[in-house]
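Student: Place chain B on chain A using the hints.
This is what each chain is made of:
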Amino acid sequence: MKGRGRSGAIAAGPAPIQSSRISALDLLRVGTGGLRSRRVRTILTAIGIGIGIAAMVAVLGISESSRAGLLSKLDRLGTNLLTVSPGQTLFGGDATLPLSAPAMIERIGPVEATAATAPVSANVYKTDQIPVVQTGGVSVLAAQTDLLDTLRADLADGVFLNTANERYPAAVLGADAARYLGISKVAPGVEIYIGGHWFSVVGILDAVTLAPELDRAVLIGFPIAESTFGIDGSAGTIYVRADPAQVHNVSAVLAGTANPEAPNEVRVSRPSDALAARAAAEGAFTSLFLGLAAVALLVAGVGVANIMLMSVLERRSEIGLRRALGATRVHIGLQFLAESLVLSAMGGALGVVAGGAAVAAYASSQQWAIVVPPIAALGGLCAALAVGAVAGLYPATRAAAVSPTQALRTG
Amino acid sequence: MNGPGPVLELLDVVKTYPGDPPVQALRGVSLAIHSRELVALVGPSGSGKSTLLHVMGTLDRPTRGVVRVAGHDSTALSDRQVSGLRARTIGFVFQQFFLLDGESALDNVADGLLYRGMRAADRRRAATAELERVGLGDRLRHKPNQLSGGEQQRVAIARAFVGRPAIVLADEPTGNLDSAAGAAIIELLLDLNRTDGATIAVITHDQAVAAALARQVWMRDGRVERDSREAVA
Numbered sequence: 001m002k003g004r005g006r007s008g009a010i011a012a013g014p015a016p017i018q019s020s021r022i023s024a025l026d027l028l029r030v031g032t033g034g035l036r037s038r039r040v041r042t043i044l045t046a047i048g049i050g051i052g053i054a055a056m057v058a059v060l061g062i063s064e065s066s067r068a069g070l071l072s073k074l075d076r077l078g079t080n081l082l083t084v085s086p087g088q089t090l091f092g093g094d095a096t097l098p099l100s101a102p103a104m105i106e107r108i109g110p111v112e113a114t115a116a117t118a119p120v121s122a123n124v125y126k127t128d129q130i131p132v133v134q135t136g137g138v139s140v141l142a143a144q145t146d147l148l149d150t151l152r153a154d155l156a157d158g159v160f161l162n163t164a165n166e167r168y169p170a171a172v173l174g175a176d177a178a179r180y181l182g183i184s185k186v187a188p189g190v191e192i193y194i195g196g197h198w199f200s201v202v203g204i205l206d207a208v209t210l211a212p213e214l215d216r217a218v219l220i221g222f223p224i225a226e227s228t229f230g231i232d233g234s235a236g237t238i239y240v241r242a243d244p245a246q247v248h249n250v251s252a253v254l255a256g257t258a259n260p261e262a263p264n265e266v267r268v269s270r271p272s273d274a275l276a277a278r279a280a281a282e283g284a285f286t287s288l289f290l291g292l293a294a295v296a297l298l299v300a301g302v303g304v305a306n307i308m309l310m311s312v313l314e315r316r317s318e319i320g321l322r323r324a325l326g327a328t329r330v331h332i333g334l335q336f337l338a339e340s341l342v343l344s345a346m347g348g349a350l351g352v353v354a355g356g357a358a359v360a361a362y363a364s365s366q367q368w369a370i371v372v373p374p375i376a377a378l379g380g381l382c383a384a385l386a387v388g389a390v391a392g393l394y395p396a397t398r399a400a401a402v403s404p405t406q407a408l409r410t411g
Numbered sequence: 001m002n003g004p005g006p007v008l009e010l011l012d013v014v015k016t017y018p019g020d021p022p023v024q025a026l027r028g029v030s031l032a033i034h035s036r037e038l039v040a041l042v043g044p045s046g047s048g049k050s051t052l053l054h055v056m057g058t059l060d061r062p063t064r065g066v067v068r069v070a071g072h073d074s075t076a077l078s079d080r081q082v083s084g085l086r087a088r089t090i091g092f093v094f095q096q097f098f099l100l101d102g103e104s105a106l107d108n109v110a111d112g113l114l115y116r117g118m119r120a121a122d123r124r125r126a127a128t129a130e131l132e133r134v135g136l137g138d139r140l141r142h143k144p145n146q147l148s149g150g151e152q153q154r155v156a157i158a159r160a161f162v163g164r165p166a167i168v169l170a171d172e173p174t175g176n177l178d179s180a181a182g183a184a185i186i187e188l189l190l191d192l193n194r195t196d197g198a199t200i201a202v203i204t205h206d207q208a209v210a211a212a213l214a215r216q217v218w219m220r221d222g223r224v225e226r227d228s229r230e231a232v233a
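Residue numbers (this note's numbering), protein chains in the order written: chain A, 1 to 411; chain B, 1 to 233.
By construction, these hints were calculated from the structure, which means they are not laboratory data. Using N, Cα and C, we set each Cβ at its ideal position, and we do this for glycine too. Hints may be right or wrong, so weigh each one.
Sample of chain B residues at the chain A side, in silico, Cβ under 8 Å [unchecked claim]:
1. Ala70
2. His72
3. Asp79
4. Gly112
5. Ala183
Interface residues of chain B toward chain A, partial, derived using beta-carbon atoms under 7 Å [stated by the list, open to error]:
6. Leu38
7. Gly84
8. Arg86
9. Gly102
Here are the in silico distance ranges between beta carbons for each label pair [what the hints assert, rightly or not]:
10. A:Pro16 <-> B:Ala120: 23 to 33 Å
11. B:Ala208 <-> A:Leu393: 42 to 52 Å
12. B:Ala120 <-> A:Leu288: 44 to 54 Å
13. B:Ala76 <-> A:Leu44: 43 to 53 Å
14. B:Ala76 <-> A:Ser23: 20 to 30 Å
15. A:Val353 <-> B:Pro22: 33 to 43 Å
16. A:Ala389 <-> B:Arg164: 12 to 22 Å
17. B:Pro22 <-> A:Leu393: 28 to 38 Å
18. B:Gly102 <-> A:Leu44: 17 to 27 Å
Chain A extracted, bound-state conformation:
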């Protein structure tokens, strides 16, 4: 039976039917025909997809750039800074650090630098005309001259305390303290009134990330603090730079070194830990925003499906014609699926570019490194294509099912 069918057909029957064929490239050209002839609609629909994708890319990129920003800041400031400050006594009172603490800490091998501050009980005013009760929360600290380098902090203006000015009434303002006192520039004659004495402002600090307590402080030299306000030279807070590889070891012995008699009354902390925790926590909100972006994308997908259904209705006569020219149902379906995919891919590309631009704009405004994760760009394109495929499937099925005779009659 089998053999007869074959040879018999060649000898006596008609030539075998060759089925319809269309190359992928032609299918793409045919699929984009509708897009090319309705440009405004195409662009608007693509923008819809683009907004969803842009939101996704922007959310991922900004969170990634923010993390990179924090990490680079951490890198610059170093994670090897430790602070030693008096804690609480066993009975709940405020402890003090012994006078010998800074010198003892400096003897620890892997310690690279130390600098101490000490509280001065005096109030700060801009003039001598302000009533005594209004202190504004600005504290006065005596500071060692190497504090700036130890903290790797920057000056906004002027100079820091140094061996030349530390014994005279000279003051350096923290960033917030300067703002509170209404002083933005260092100039001859700019003075503040500390505990009944006039001090010249010689410098203003930038915000100190690793020691925010300095932002609200006015710093004066230890010698002048001792001679004018009678502090005893004991330390309040000691800032310690340790060998980066030995930070944990140094941290473990700091309390005992600072106060060998009561190590439990010493508080040791690592300020970079908070920054590192923030970097790790970055992205906690990302999933929420990503969800919102997904909703935008879903809405855009519904828009694509809608436009595609409209396109199928409008192009019934074209469908009929193509069927007459030899297109199979599958060819017609693929044509509309290709249209939907191209439309969505355009939107996706638009979205990746727009999202990347948003990340670049925001990151550079925050002075972060611009990081657009490749997975976000690639994922954005894939998401757009997935939306296009899903949104185009039903319209494509409808187009494939159009009866050629009816399509040609209505045309």
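Tutor: For chain B alone, coordinates are given in the frame of chain A:
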């Protein structure tokens, strides 16, 4: 392409559209069209001509009966096979032209070869030759809306003939044209039949058009009323 038998053969074809009551568009049509024939299918509206064209062109399947195109019983073929048959052996010309607005005359004609899997360059070369053949060699880049009705129908004719199909089915090809343009279209079809030996079936309600062609098949109420070929024979 086709064997010794007729290019197109209908055997007792019945087409009933479901409804209440059902509409019997074709009530047992038997017809054979041979190679190199130029046939007019004539009849008033409602006589079943359009249904006959759709069934002959394999765009619609008969309720009963056999439709043989180039020897293949189209009623026994799958959508893929029937589409292949249309892509290679049947050309269509429609009253409404059905040109794609966004494409040039050249691309419209080249689309006549699209579903054969030919390379684009080959399609365009054949389309250029065919447009020259129908007298539009100077209109290759024109869009349909830049052409007159008669010119648009010439483009559609070029598209139907570009693949040298075994048979071309023309549905009221002069229906949307004024009489001068219509006469020119009939002249073109006559010429394609005479010089190229093309097999053409023209569906028309216009007796003058029908009279210009070699053979007339008169339709009425879904039946063949009279066939000039059989009358002569």
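Student: Of the hints given before, which are not true for this structure?
Tutor: Violated: hints 5, 6, 15, 16.
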